[in-house]
Amino acid sequence: ALAAPAMAQTSVTVSGLVDAFAGSMRYAGDAGRTAGVNSGGLTTSWFGFKGTEDLGGGLKANFQLTSFFQADNGVQGRFPNDTLFSRDANVGLAGNFGEVSLGRGLAPNFLPMILFNPFGDSFNFSPLVLQHQVPLLNPNFSTRFASSVAGDTGWSNQIKYTTPSFGGLTANLHYQFGEAAGNNGKNNVGANVLYFNGPLSLTAFYHKVKVNNPLDTPTLQAAAGYAEQKAWFIGGGYDFGVAKLYATYDKTTHDVALEDKTASLGLSVPFGAGKILAGYAQTKRSAGAAPEVKRQTTTVGYDYALSKRTDVYAMLMNDKLTGFDAGNSFGLGIRHGF
Amino acid sequence: ALAAPAMAQTSVTVSGLVDAFAGSMRYAGDAGRTAGVNSGGLTTSWFGFKGTEDLGGGLKANFQLTSFFQADNGVQGRFPNDTLFSRDANVGLAGNFGEVSLGRGLAPNFLPMILFNPFGDSFNFSPLVLQHQVPLLNPNFSTRFASSVAGDTGWSNQIKYTTPSFGGLTANLHYQFGEAAGNNGKNNVGANVLYFNGPLSLTAFYHKVKVNNPLDTPTLQAAAGYAEQKAWFIGGGYDFGVAKLYATYDKTTHDVALEDKTASLGLSVPFGAGKILAGYAQTKRSAGAAPEVKRQTTTVGYDYALSKRTDVYAMLMNDKLTGFDAGNSFGLGIRHGF
Amino acid sequence: ALAAPAMAQTSVTVSGLVDAFAGSMRYAGDAGRTAGVNSGGLTTSWFGFKGTEDLGGGLKANFQLTSFFQADNGVQGRFPNDTLFSRDANVGLAGNFGEVSLGRGLAPNFLPMILFNPFGDSFNFSPLVLQHQVPLLNPNFSTRFASSVAGDTGWSNQIKYTTPSFGGLTANLHYQFGEAAGNNGKNNVGANVLYFNGPLSLTAFYHKVKVNNPLDTPTLQAAAGYAEQKAWFIGGGYDFGVAKLYATYDKTTHDVALEDKTASLGLSVPFGAGKILAGYAQTKRSAGAAPEVKRQTTTVGYDYALSKRTDVYAMLMNDKLTGFDAGNSFGLGIRHGF
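Chains W, L and R, in that order, give the protein sequences. Heads up, the working numbering is the position in the first sequence plus 857, with the first residue counted as 1. Heads up, the working numbering is the position in the second sequence plus 857, with the first residue counted as 1. Heads up, the working numbering is the position in the third sequence plus 857, with the first residue counted as 1.
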């Protein structure tokens, strides 16, 4: 057994997070309620290996090899056939110029989404994350309500450039090769900006996505009826001390008659050793002459810190979708970082 | 490369065990002998990550993420399509009240079985473990002799409660959600007790199993012709110094006409720097009007300790089953914990 | 997070290597060019766990659990359905007598190949490695140009013996069980020798291969039309200081009318903080009355060391095959060990 304190001169760090909750879930349109133990009530569970080497002259080499997993049953990844290092698998160089990395890493849509809603990267309870990223009636991708943002939260085969911070402003430029022989026009491109200055935070992203992830199987076309998506997103947050407010707005358009507009509002209120969290998101979907479809998701919860790296939480969610029964969900969980 | 001694202030421990042996195996009914290098002659090989955080006031957060693997060919898990963290994937809180954990962890049948036979958790040579857990003619589950205890040695989607120790007596309560939408009646429940006091040790477990593991695929019905199993088990051990004796008895019944009764005896005799091990188990299976089937397995071996965490062993086994040719197996292996 | 310096008293080491490059690849016969980010430009990316325990009296217990992965997309292994610990999964004892290990480990063909060409174990740019190990038109194994050396670079279910060093000379003896029930004649056997003395290095290997790896699926027969391959290989290197030269020659024969002869030359020239690398390999394949087929691969590159464990590289390759269009490839990458 290996066990050691954080120290200098390191070449690799083993870290991760285990998040599991007991609850009963019913998303909009679900035929029945499903009670169970699930993974990732507040953060998708992960583990992995990271390291930084100081090369001198301000230059550093960095790598990340991290895996999502399901803390309730030990399954690799987030869904069937997800890859081993589904979270990160990249290596790069950082210096005064910023950082360049090669491999699998964050998509441009990810940080703006998770940093500008009070539930972070909860793929079970964050209204914004659910509408952006989690298709209803999974795994039958688009049979009820496909997620609005294409291309996954991580991109494979990617060159990513992160700028230095300019007074709190950083930008990330993303390019993913489609790796289709003789067809270099198939690729993903995107960028985001993040600005943090005292109580104020602002963000935006744009992407043009033609390639699915983590592997391009099934292709976007087969899965959702389109071959290209363009998306733009803006978000802001302000911390008043007694409460932090969040607001976002985004729009996706496609090479077919399909357009989503998503707006979200969030609130985080310090209370005792924890925070009361509340959030709402709605997506309006129009597809040609078909009637507009609206999804509305509302979550309230309380997240109580047992330590800097362990918290327990309780969440309540209501999920509505035009033409389907609404569903209520709740969960009681524990999240532990290591 | 990271390498470090065991120390305090830790947040994660990397540990595991590699067990491989060269041998020639022929279980009852096998058409031929198979020579090879195999994994887990005495203990199923595993590796993983564990950690404990002291939260103050006697409260601790614990997590375990551990994987079975095959040390002979590097394959993940114990069998095809086993999961990544097939051994453990859970997080919980421990204190004066005992411990509550969420996720994948031990089934109630596991500790009573492995702590009350001299071969521990040998899925290759322990007569009791083979008859409880390893179907003959794997992977065609029940074509010759299905294992007698259902639901795997680990349960997913589980809430587990462990009591504090009351003078050497601890109990574990297990509940596994079946996570079938709109059908909360499908679940696994079980409990065990373990008592250790000087030379004497006693145990018992009970379970009612409707859900297969690690994932409910295939379902119990499809695999073995029943939808529910009830099992009870008792066991005892006594260490006379010159030898430790073990005895167990268990019975399983089902929602169809199928009943197994298994009895086992074991012996462990210190000899030199090692131990002579001997064990016998027999299972009588009755299924309605069909003639009773009896399986009898006998193993003798020697386990020699090279250090506290490395040993070498030699095993000889005879396996009989009503209506089939008996088989003899032997193995010579090394087990190394880290 | 765990992070620690290399120290004594250890029981497990976490280590690995991440190698990713951006480039555009076109092997002989490819219909088009494929631009992308790929893994393992110079070394196949891997991570894993290793340990050594001093048992006293010169005896040591060793284990290795290491995994290949693809640093561009996070996929496990080197190709679809590769295993978790595809690189190594073994345990053994070492002492004055040498070392014996059980499990999955190096095949006899591996070290002679990678230590006697200037590109090491580059499965993307080393002419010798490509012709030995990487079939063209992967994954349709033999449709254009099957690799010449059978049985993978690692063998599962193996007993391996390594001699002590006799004045710079060591030998490895390899035996892999085929684990076919009732058919112990199906197995792999092989051996190699390695000699290092000042500027001179020499090597040879021989193998007779009947079992595919990492698992015997598909069998050799189904994949390439033969059931047995015999191979012998010789190689040498000499370091003149201003340049190191490499040369190899090998021949494979089969139980059908198929014979490959491969020759390679290599050059490594120190230049600045790096090395200029150049290599050429050609394989002549004769299959009965069919016209001889010749594959010729040439690579030049520059590998620049940023530190002892991080380098950046640029590679250019030309690949020709009788009857097909030649292809040119290039890559620019970074390799980082940890």
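Keep in mind the hints are simulated off the structure, nothing from the lab. There's no promise every hint is true.
All copies of an identical chain are treated as equivalent in the list; a pair is satisfied when it fits inside any one copy or across any two copies.
Unchecked claim - Taking lysine-lysine and the DSSO-like style, the derived pairs with C-alpha atoms no more than 30 Å apart in a straight line are:
id, residue 1, residue 2
1, 1151, 1165
2, 1165, 907
3, 1087, 1165
4, 907, 1151
5, 1065, 1108
6, 1177, 1108
7, 1043, 1177
8, 917, 1132
9, 1118, 907
10, 917, 1165
11, 1087, 917
Indicate which option fits the pair residue 1087, residue 1165 if close means a Cα-Cα distance not exceeding 30 Å: within, between, both or neither. neither (38 Å within a copy, 44 Å between copies)
Checking an output row: residue 1177 and residue 1108, CA cutoff 30 Å. Within, between, both or neither? within (20 Å within a copy, 49 Å between copies)
If the cut is 30 Å between Cα atoms, do residue 1151 and residue 1165 qualify within a copy, between copies, both or neither? neither (38 Å within a copy, 57 Å between copies)
Please work out whether the CA atoms of residue 1087 and residue 917 approach to 30 Å or closer within one copy, between two copies, in both situations, or in neither? neither (34 Å within a copy, 47 Å between copies)
Residue 1165 and residue 907: within-copy, between-copy, both or neither at 30 Å Cα: This pair counts as both: shortest intra-copy Cα distance 21 Å, inter-copy 18 Å.
How would you classify residue 1118 and residue 907 at a CA-CA limit of 30 Å: within, between, both, or neither? neither (37 Å within a copy, 43 Å between copies)
Intra- versus inter-copy proximity for residue 1177 and residue 1043 (alpha-carbon distance at most 30 Å): between (36 Å within a copy, 28 Å between copies)
Intra- versus inter-copy proximity for residue 1108 and residue 1065 (alpha-carbon distance at most 30 Å): This pair counts as within: shortest intra-copy Cα distance 12 Å, inter-copy 51 Å.
With identical chains, the pair residue 917 and residue 1165 could be close in the same copy or across copies; at 30 Å between alpha carbons, which is it: within, between, both, or neither? So residue 917 and residue 1165 pass the 30 Å test inside a copy (28 Å) and across (13 Å) alike.
Within, between, both or neither, where residue 917 and residue 1132 count as close if Cα-Cα is 30 Å or less: between (37 Å within a copy, 21 Å between copies)
At most 30 Å between CA atoms: does that hold for residue 907 and residue 1151 within a copy, between copies, both, or neither? neither (41 Å within a copy, 44 Å between copies)
Taken one by one, the earlier hints fail for this structure at numbers 1, 3, 4, 9, 11, listed in ascending order.
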